[in-house]
Every structure is written in C-alpha cells, then in structure tokens.
Amino acid sequence: KEIIANVPLANRVSVDSYATLLAYAALTGVGIKAYETRFNYQDIFQERAKPLAAFAEGTTGENGLCLD
Numbered sequence: 001k002e003i004i005a006n007v008p009l010a011n012r013v014s015v016d017s018y019a020t021l022l023a024y025a026a027l028t029g030v031g032i033k034a035y036e037t038r039f040n041y042q043d044i045f046q047e048r049a050k051p052l053a054a055f056a057e058g059t060t061g062e063n064g065l066c067l068d
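Last residue of the sequence shown: 68 in UniProt numbering, with the numbers rising by one and none dropped.
It is worth saying that the hints were derived from the structure and are not from the lab.
There's no promise every hint is true.
[What the hints assert, rightly or not] Listed next, with one range per pair, are the computed distances between beta-carbon atoms: (1) G58 x K1: 33 to 39 Å; (2) L22 x K1: 27 to 33 Å; (3) A10 x K33: 29 to 35 Å; (4) A54 x V13: 44 to 50 Å; (5) L27 x R48: 15 to 21 Å; (6) A5 x L52: 23 to 29 Å; (7) V13 x Y35: 30 to 36 Å; (8) E47 x Y24: 17 to 23 Å; (9) P8 x E57: 27 to 33 Å; (10) G31 x N11: 18 to 24 Å; (11) A10 x R38: 35 to 41 Å.
Even for Gly, the Cβ is constructed at its ideal location relative to N, Cα and C.
Take the sequences, apply the hints, and build the full model.
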C-alpha cells in the first residue's frame, strides 16, 4: 500500500517495523551468543543487514574503540 501510495521511504511504517524487528533479532542473537559462544547470530540475517546487526554486539574494548 505504501508503494502504491508513493509514500517516501523515510515515512513508511514498513521500514520502521523492519528496523525494529532487526534490532530485536540482533539483541536476542547477541544474548544467545553470550550463553552459547559457538552460536553465530549473524547467520540469521541477510547479507545487507549483517553489518547493522553487528552494532548490537558493541565493543569489548579489545579493539580500542572504547578509548575514542
């Protein structure tokens, strides 16, 4: 319906819903990985979403990012 109505991408409810689902899936996957270290949470994402999902894991400080 949003495409037919020519709703701009930034204003589409479907985009917000998809982003929310990706965020919950990423956080859940990271939680599973914390318990079961062999679990690769990125396997549940499509290729284009994998870099975004990695933000849920954050940084451990081992890569120096916490010093910025």
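Here is what the structure says about each hint:
| no. | hint | result |
| --- | --- | --- |
| 1 | G58 x K1: 33 to 39 Å | holds, 36 Å |
| 2 | L22 x K1: 27 to 33 Å | violated, 21 Å |
| 3 | A10 x K33: 29 to 35 Å | holds, 32 Å |
| 4 | A54 x V13: 44 to 50 Å | violated, 26 Å |
| 5 | L27 x R48: 15 to 21 Å | holds, 19 Å |
| 6 | A5 x L52: 23 to 29 Å | holds, 27 Å |
| 7 | V13 x Y35: 30 to 36 Å | holds, 33 Å |
| 8 | E47 x Y24: 17 to 23 Å | holds, 20 Å |
| 9 | P8 x E57: 27 to 33 Å | holds, 31 Å |
| 10 | G31 x N11: 18 to 24 Å | violated, 32 Å |
| 11 | A10 x R38: 35 to 41 Å | holds, 39 Å |
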